[in-house]
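First to last, the sequence lines map onto chains A and B. Under the working numbering, the letters of the first sequence match residues 1 to 366, in that order. Under the working numbering, the letters of the second sequence match residues 1 to 366, in that order.
Keep in mind that the hints were calculated from the coordinates and are not lab data. Among the clues, some could well be false.
To be verified - 27 Å max Cα-Cα, derived BS3-like pairs, lysine-lysine: (1) B:Lys327 with B:Lys304; (2) B:Lys131 with A:Lys327; (3) A:Lys6 with A:Lys327; (4) B:Lys40 with B:Lys193; (5) A:Lys252 with A:Lys327; (6) A:Lys193 with A:Lys131; (7) B:Lys252 with A:Lys304; (8) A:Lys304 with B:Lys327; (9) B:Lys304 with A:Lys304; (10) A:Lys131 with B:Lys6; (11) B:Lys304 with B:Lys252; (12) B:Lys131 with A:Lys6; (13) A:Lys193 with B:Lys304; (14) A:Lys193 with A:Lys327; (15) B:Lys131 with B:Lys193; (16) B:Lys327 with B:Lys6; (17) B:Lys40 with B:Lys252; (18) A:Lys252 with B:Lys327; (19) B:Lys252 with B:Lys327; (20) B:Lys327 with A:Lys131; (21) A:Lys327 with A:Lys40; (22) A:Lys304 with A:Lys252.
2 protein chains.
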Amino acid sequence: MPHEPKPGTPVQDLDTPVLLLDLDALQRNIARMARFFADKPAALRPHAKTHKCPQIALRQLEAGAIGITCAKVGEAEVMAQAGIRDILIANQVVGPLKIDRLTDLASSCDLIVAVDNPANVRALAQACQAKGVSLRVLVEVDMGMHRCGVQPGDAALRLAGQVYDAPNLQFAGLLGYEGHLVMVADPQQRANKVRQAMIPLQETCQLLHNAGLPVEIASGGGTGTYDVTGTCPPITEVEAGSYVLMDATYHKVRPEFEIALTVLSTVVSRPAPDRLVVDAGIKSMTQEFGWPQPLGVEGASIRKLSEEHGILELADPGTVHLRPGDKVRFIPSHCCTTVNLHDTFYVVQDDALVDRWPIAARGRVQ
Amino acid sequence: MPHEPKPGTPVQDLDTPVLLLDLDALQRNIARMARFFADKPAALRPHAKTHKCPQIALRQLEAGAIGITCAKVGEAEVMAQAGIRDILIANQVVGPLKIDRLTDLASSCDLIVAVDNPANVRALAQACQAKGVSLRVLVEVDMGMHRCGVQPGDAALRLAGQVYDAPNLQFAGLLGYEGHLVMVADPQQRANKVRQAMIPLQETCQLLHNAGLPVEIASGGGTGTYDVTGTCPPITEVEAGSYVLMDATYHKVRPEFEIALTVLSTVVSRPAPDRLVVDAGIKSMTQEFGWPQPLGVEGASIRKLSEEHGILELADPGTVHLRPGDKVRFIPSHCCTTVNLHDTFYVVQDDALVDRWPIAARGRVQ
Numbered sequence: 001m002p003h004e005p006k007p008g009t010p011v012q013d014l015d016t017p018v019l020l021l022d023l024d025a026l027q028r029n030i031a032r033m034a035r036f037f038a039d040k041p042a043a044l045r046p047h048a049k050t051h052k053c054p055q056i057a058l059r060q061l062e063a064g065a066i067g068i069t070c071a072k073v074g075e076a077e078v079m080a081q082a083g084i085r086d087i088l089i090a091n092q093v094v095g096p097l098k099i100d101r102l103t104d105l106a107s108s109c110d111l112i113v114a115v116d117n118p119a120n121v122r123a124l125a126q127a128c129q130a131k132g133v134s135l136r137v138l139v140e141v142d143m144g145m146h147r148c149g150v151q152p153g154d155a156a157l158r159l160a161g162q163v164y165d166a167p168n169l170q171f172a173g174l175l176g177y178e179g180h181l182v183m184v185a186d187p188q189q190r191a192n193k194v195r196q197a198m199i200p201l202q203e204t205c206q207l208l209h210n211a212g213l214p215v216e217i218a219s220g221g222g223t224g225t226y227d228v229t230g231t232c233p234p235i236t237e238v239e240a241g242s243y244v245l246m247d248a249t250y251h252k253v254r255p256e257f258e259i260a261l262t263v264l265s266t267v268v269s270r271p272a273p274d275r276l277v278v279d280a281g282i283k284s285m286t287q288e289f290g291w292p293q294p295l296g297v298e299g300a301s302i303r304k305l306s307e308e309h310g311i312l313e314l315a316d317p318g319t320v321h322l323r324p325g326d327k328v329r330f331i332p333s334h335c336c337t338t339v340n341l342h343d344t345f346y347v348v349q350d351d352a353l354v355d356r357w358p359i360a361a362r363g364r365v366q
Numbered sequence: 001m002p003h004e005p006k007p008g009t010p011v012q013d014l015d016t017p018v019l020l021l022d023l024d025a026l027q028r029n030i031a032r033m034a035r036f037f038a039d040k041p042a043a044l045r046p047h048a049k050t051h052k053c054p055q056i057a058l059r060q061l062e063a064g065a066i067g068i069t070c071a072k073v074g075e076a077e078v079m080a081q082a083g084i085r086d087i088l089i090a091n092q093v094v095g096p097l098k099i100d101r102l103t104d105l106a107s108s109c110d111l112i113v114a115v116d117n118p119a120n121v122r123a124l125a126q127a128c129q130a131k132g133v134s135l136r137v138l139v140e141v142d143m144g145m146h147r148c149g150v151q152p153g154d155a156a157l158r159l160a161g162q163v164y165d166a167p168n169l170q171f172a173g174l175l176g177y178e179g180h181l182v183m184v185a186d187p188q189q190r191a192n193k194v195r196q197a198m199i200p201l202q203e204t205c206q207l208l209h210n211a212g213l214p215v216e217i218a219s220g221g222g223t224g225t226y227d228v229t230g231t232c233p234p235i236t237e238v239e240a241g242s243y244v245l246m247d248a249t250y251h252k253v254r255p256e257f258e259i260a261l262t263v264l265s266t267v268v269s270r271p272a273p274d275r276l277v278v279d280a281g282i283k284s285m286t287q288e289f290g291w292p293q294p295l296g297v298e299g300a301s302i303r304k305l306s307e308e309h310g311i312l313e314l315a316d317p318g319t320v321h322l323r324p325g326d327k328v329r330f331i332p333s334h335c336c337t338t339v340n341l342h343d344t345f346y347v348v349q350d351d352a353l354v355d356r357w358p359i360a361a362r363g364r365v366q
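For reference, chain A alone in the conformation it holds in the complex:
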């Protein structure tokens, strides 16, 4: 059975592939984001889809976050079980089985959910009435990402009015995630585009205000845009997730946060001087945002990941003395999906294991 290492075990002695979480970098990322929001009108409600781990969510709350964001009911259930009380499910919850779980959960915590269509509003209201619970609801507005959401303006007003009138639902405001802008490379261009995208949301807030539908919450923003979105009306809270762990992709646009997440692998073969094969493939680290980055191996780049192999090419083989049994660390290209492949964070400090945290909401896609 898999090795269960004791605290104090040096990182180099851990079995692999293994997901390493640098506790100091994590805490500094949490503190940095908390400091940013400490004196801003908007608040931080970090997205737990990134880490799926109550131990991390609780640290974010301790540092000042007003609650957490989840993508799925299953994630919210795990967080609620850990004692977290203020949870936004920034997503549509559709279908009788899920709404049943949602309303169960609403009786034990302060839940907010997003909607973007009238039938779903009716179904939520009916279920809440039947169980005698109340639910806060945000109307999702399409900010140009073209995923979910109603159009800003009249469509948002109509749906907000329906929520307002529905029994047991409390209209709480708007969800407007500018996900199509979080990776714009140039910071100035990113900021301009975000401010531009916020105008219709701001106008919608005004429209709702004039109609007697006050927008208490306007939620948006990600790690790529937190500083702009978090200081831009009408946003009242920001859902950034990745900042806490970081990855190679986000690090390009957000160098102020540290890489807290790496995957440790073992060299299993060096079949040619210019080729290294490690025991971490796409079942250990994802590739939809590009290859993970090998750390500290000069001239190394990934040629291919197969399921359980990472194949590295070496530009300058003579300078790399790694042999089977040696360890290679990688920075994932996408932290959220890489974490979702693993069951446990191996928490390390000064290159030694200090704890293991279950990724309790891993795989909770329902």
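Go by the hints and put chain B onto chain A.
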């Protein structure tokens, strides 16, 4: 907490996203492959990395498979716990912690492992000696895939000789996986390339035979090449995995096997006539081999998968009447990695649930 449906539940009433396994299609795939190998000199040792599920492995063995193949020690441990005795780990097992687990396992089942370097052979022999166990060993030969493996010919002979001479190791033969050829689109070209690739392996067998090192096992082949590799000297066993579940990618080259695996999702939003959003994203189905295929939705194609959303574009919106709450099924583009995202197969027959099988080796990357 997630809904636990009873047997008999109609598929349409299952919560989503959920991994559906069509039992009849699965059994027909198992039977078809078993029939192929029934009268061939080579045998079938299916790869369990695809399904990671003892219930499926046991059905493959019942149908005539001589054992199973695994990619990792952790998978082999799960299969051995389920009572499976003949297991090939078609991979290098490197490092003291893993070799310790490997040799533990070798005391309770008949284990075969691959090697491609002398230091690993010494480490395996030492560990086996220390525990008083014996291990069968295949020398991995690079068939042109350029992943692991020694070169055919003299290099293979030298390593085989080292294994033969090592205490507690039993030289059992060669591993030669032609993974770079399994997806060649044209069947005739694929067959020619495979036969060509087998020549150096055949010559290596002859070389070993002449040196008094008989090759009892020559393992290779995948779902894309089983019929050629399985009838081509020197191959004695074939490691095909995906045939049992199938996916959209392999179905293009292997239409004789049925799609037994689908992902069921729920429409959560239809924000525009030509756009549908479902609750299955890349945390429910992988995309490294391309988009999953929506089933039975005319003119629909995936525009993007985000983590928990699948965004579909509709070429002819007027003909598609799906609304939030309706279900959409997808054929994954890569069964092996999609299965690895889920904890359970929902086994269905005639569109009703008959069983739930744990994907017991999911995430066992160590």
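Here is how each hint holds up against the structure:
no. : hint                   : result
1   : B:Lys327 with B:Lys304 : holds (18 Å)
2   : B:Lys131 with A:Lys327 : holds (26 Å)
3   : A:Lys6 with A:Lys327   : holds (19 Å)
4   : B:Lys40 with B:Lys193  : holds (21 Å)
5   : A:Lys252 with A:Lys327 : holds (25 Å)
6   : A:Lys193 with A:Lys131 : violated (43 Å)
7   : B:Lys252 with A:Lys304 : holds (23 Å)
8   : A:Lys304 with B:Lys327 : violated (35 Å)
9   : B:Lys304 with A:Lys304 : holds (23 Å)
10  : A:Lys131 with B:Lys6   : holds (24 Å)
11  : B:Lys304 with B:Lys252 : holds (22 Å)
12  : B:Lys131 with A:Lys6   : holds (24 Å)
13  : A:Lys193 with B:Lys304 : holds (22 Å)
14  : A:Lys193 with A:Lys327 : violated (42 Å)
15  : B:Lys131 with B:Lys193 : violated (43 Å)
16  : B:Lys327 with B:Lys6   : holds (19 Å)
17  : B:Lys40 with B:Lys252  : holds (25 Å)
18  : A:Lys252 with B:Lys327 : violated (38 Å)
19  : B:Lys252 with B:Lys327 : holds (25 Å)
20  : B:Lys327 with A:Lys131 : holds (26 Å)
21  : A:Lys327 with A:Lys40  : violated (43 Å)
22  : A:Lys304 with A:Lys252 : holds (22 Å)
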